[in-house]
Amino acid sequence: MIVLGSAAFLASFPEIGESGQPLEPTLDADFLLEPMSADLADILKDAIGEPSILFQKHGYYADCLRPEIVETFPAGWERRLVPFGDYGDVFALEPYDVALIKLVIGRNKDLSLVRALLASGRLELARLGARYRETPLAEPDMFRAGRNLHAIQA
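When we follow this note's numbering, the leftmost residue of the sequence shown carries the number 14, and every step to the right adds one.
Hints were generated in silico from the structure; no laboratory data involved.
Any given hint could be a false lead.
Claimed, not checked - Straight-line C-alpha distance at most 30 Å; calculated DSBU-like pairs for lysine-lysine:
# : residue 1 : residue 2
1 : Lys70     : Lys58
2 : Lys122    : Lys70
3 : Lys122    : Lys58
Given the sequences, and given the hints that come with them, work out the whole structure.
Given below as structure tokens:
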């Protein structure tokens with residue numbers, strides 16, 4: 014299992030999910046399970062996704078993503094996976110890979126989270142910039158990530 018999205022930061026910075034921290038209001042986690050089929054993804058969405066009884070009862074949910082999502086990850090992401098807690102078969106994307114994906118997506122909540130991690134010293138701007146420069150991106154993604162990287166520096 015690979016934890017993706019904002020929840021992946023919790024593998025490296027578990028304290029950011031605590032009260033008053035940037036991920037306290039997070040209601041979901043994104044996962045990639047292997048093997049994954051379309052049928053299994055649909056079953057899991059019904060069982061633990063946003064429209065599920067789990068969400069209605071507890072207020073949180075999980076999105077199980079399809080394997081094609083890895084095509085949007087920075088090159089070499091597999092070598093940089095971070096163990097998630099003491100679970101031997103659960104990993105998370107490395108923080109700079111997640112941050113770069115957040116820069117490409119560019120939603121306000123994503124950029125705010127990256128800003129907060131930079132401001133707290135959990136991420137370093139120079140290292141994030143290096144990851145951006147060394148990662149091959151499609152031209153629109155490269156432009157968007159570069160623009161957003163510049164914006165969070167301001």
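Each hint, compared with the structure:
A C-alpha spacing of about 15 Å is found between lysine 70 and lysine 58, which places the hinted pair at or below 30 Å, so the restraint holds. For the proposed pair lysine 122 and lysine 70, the alpha carbon gap of about 25 Å is at most 30 Å, so the pair holds. At roughly 24 Å between alpha-carbon atoms, lysine 122 and lysine 58 fall within 30 Å of each other, so this suggested pair holds.
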